[in-house]
Amino acid sequence: MTDANTLEQALTSLERDADAAVRSLTSALKEAKKLKAAAAAGLFRELRQGLDGAVRLAEAAAATTRDVRDGWTFDEEAYFAGGGYAKEVLALAAEEGVQAFESDDRILCYPAIVQVASDLTVVIDKKKDRRSRPSVLVATLKALQSKPAKFKAEAFLEALAAAYDLARGRQGARAGATVKLADVYTVLTVLPGSAKDYTKQEFARDLYLLDQDGTTRTKDGRTMHLPASALTRGSASGMFTTVSRAGQAKLYAGISFEEATP
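The sequence shown: position 147 = 778 (our numbering), numbered continuously.
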């Protein structure tokens, strides 16, 4: 196997070498089947020829397979741990016209959120996928982008409204006041382990999906607003970033619920 700078190149080379091993093993298997048929019919001349041929081809196949094994020198663990894998996926996605970027050790690619796991697998929207070849992952993300996002806008809006009310109440703010989304997120993830189960990236993605859906009216008649105010020009620590359908960074920082007009 030749040296490769990327995982995609290394896997392509291994695939080619493995194909040569498959052809060699297939030849050995074919000769073994001929030997079996000769034994079954008592064809002694073919039997003697088959014994020698099967051994020769089996040894050649074993040598080819060992070469394939010894030729795999790519250090995939170091590549994943060092960030090379994520960079390669982002570069390949750009080549394929799939908009994606990295944020807090995750790959954001509307509407999916990808986490590179420590066991050399990827987790796409909480679902583990062991197929971590860069081209395969990019193809999966591209397919996801072509499908409507599975999102329950009304349920998420009601959860936001309830969390907003609690956050606003703690601050003693007036009804309809703008509250930091960071405070709303804290309410939504107050239970132990909740922040791990529902990450900031997922929260930002859901805000964008709700924003795009256009659902803003709660059951009690209030209207949600996600103001693009000075909050988004302040410290980045209170902002929530996701990627839009067009591949642009989308920032959210505040939220309000306007009371229904009598």
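Do not take every clue at face value.
[To be verified] Distance condition first, Cα-Cα at most 25 Å in a straight line; then the derived SDA-like pairs of lysine to any residue:
| hint | residue 1 | residue 2 |
| --- | --- | --- |
| 1 | Lys773 | Thr830 |
| 2 | Lys827 | Glu727 |
| 3 | Lys778 | Ala877 |
| 4 | Lys850 | Ser887 |
| 5 | Lys783 | Ile755 |
| 6 | Lys758 | Thr771 |
| 7 | Lys831 | Ala692 |
| 8 | Lys827 | Met870 |
| 9 | Lys783 | Ser766 |
| 10 | Lys778 | Ser766 |
| 11 | Lys778 | Leu721 |
| 12 | Lys664 | Ala652 |
| 13 | Lys773 | Leu882 |
| 14 | Lys781 | Val754 |
| 15 | Lys811 | Gly845 |
| 16 | Lys757 | Leu682 |
| 17 | Lys831 | Ala891 |
| 18 | Lys759 | Lys811 |
| 19 | Lys664 | Leu642 |
| 20 | Lys665 | Ala692 |
| 21 | Lys778 | Thr752 |
| 22 | Lys757 | Ala813 |
| 23 | Lys881 | Leu721 |
| 24 | Lys773 | Thr752 |
| 25 | Lys881 | Ala792 |
| 26 | Lys881 | Gly803 |
| 27 | Lys664 | Asn636 |
It is worth saying that the hints were derived from the structure and are not from the lab.
Now the hints, each set against the structure:
| no. | hint | verdict |
| --- | --- | --- |
| 1 | Lys773 with Thr830 | holds (23 Å) |
| 2 | Lys827 with Glu727 | violated (31 Å) |
| 3 | Lys778 with Ala877 | holds (15 Å) |
| 4 | Lys850 with Ser887 | holds (15 Å) |
| 5 | Lys783 with Ile755 | holds (19 Å) |
| 6 | Lys758 with Thr771 | holds (13 Å) |
| 7 | Lys831 with Ala692 | violated (52 Å) |
| 8 | Lys827 with Met870 | holds (18 Å) |
| 9 | Lys783 with Ser766 | violated (31 Å) |
| 10 | Lys778 with Ser766 | holds (19 Å) |
| 11 | Lys778 with Leu721 | holds (21 Å) |
| 12 | Lys664 with Ala652 | holds (18 Å) |
| 13 | Lys773 with Leu882 | holds (23 Å) |
| 14 | Lys781 with Val754 | holds (17 Å) |
| 15 | Lys811 with Gly845 | holds (21 Å) |
| 16 | Lys757 with Leu682 | violated (54 Å) |
| 17 | Lys831 with Ala891 | violated (30 Å) |
| 18 | Lys759 with Lys811 | violated (32 Å) |
| 19 | Lys664 with Leu642 | violated (32 Å) |
| 20 | Lys665 with Ala692 | holds (17 Å) |
| 21 | Lys778 with Thr752 | holds (23 Å) |
| 22 | Lys757 with Ala813 | holds (22 Å) |
| 23 | Lys881 with Leu721 | holds (18 Å) |
| 24 | Lys773 with Thr752 | holds (18 Å) |
| 25 | Lys881 with Ala792 | holds (21 Å) |
| 26 | Lys881 with Gly803 | violated (29 Å) |
| 27 | Lys664 with Asn636 | violated (42 Å) |
Consistency with the previously given hints fails for numbers 2, 7, 9, 16, 17, 18, 19, 26 and 27, ordered from lowest to highest.
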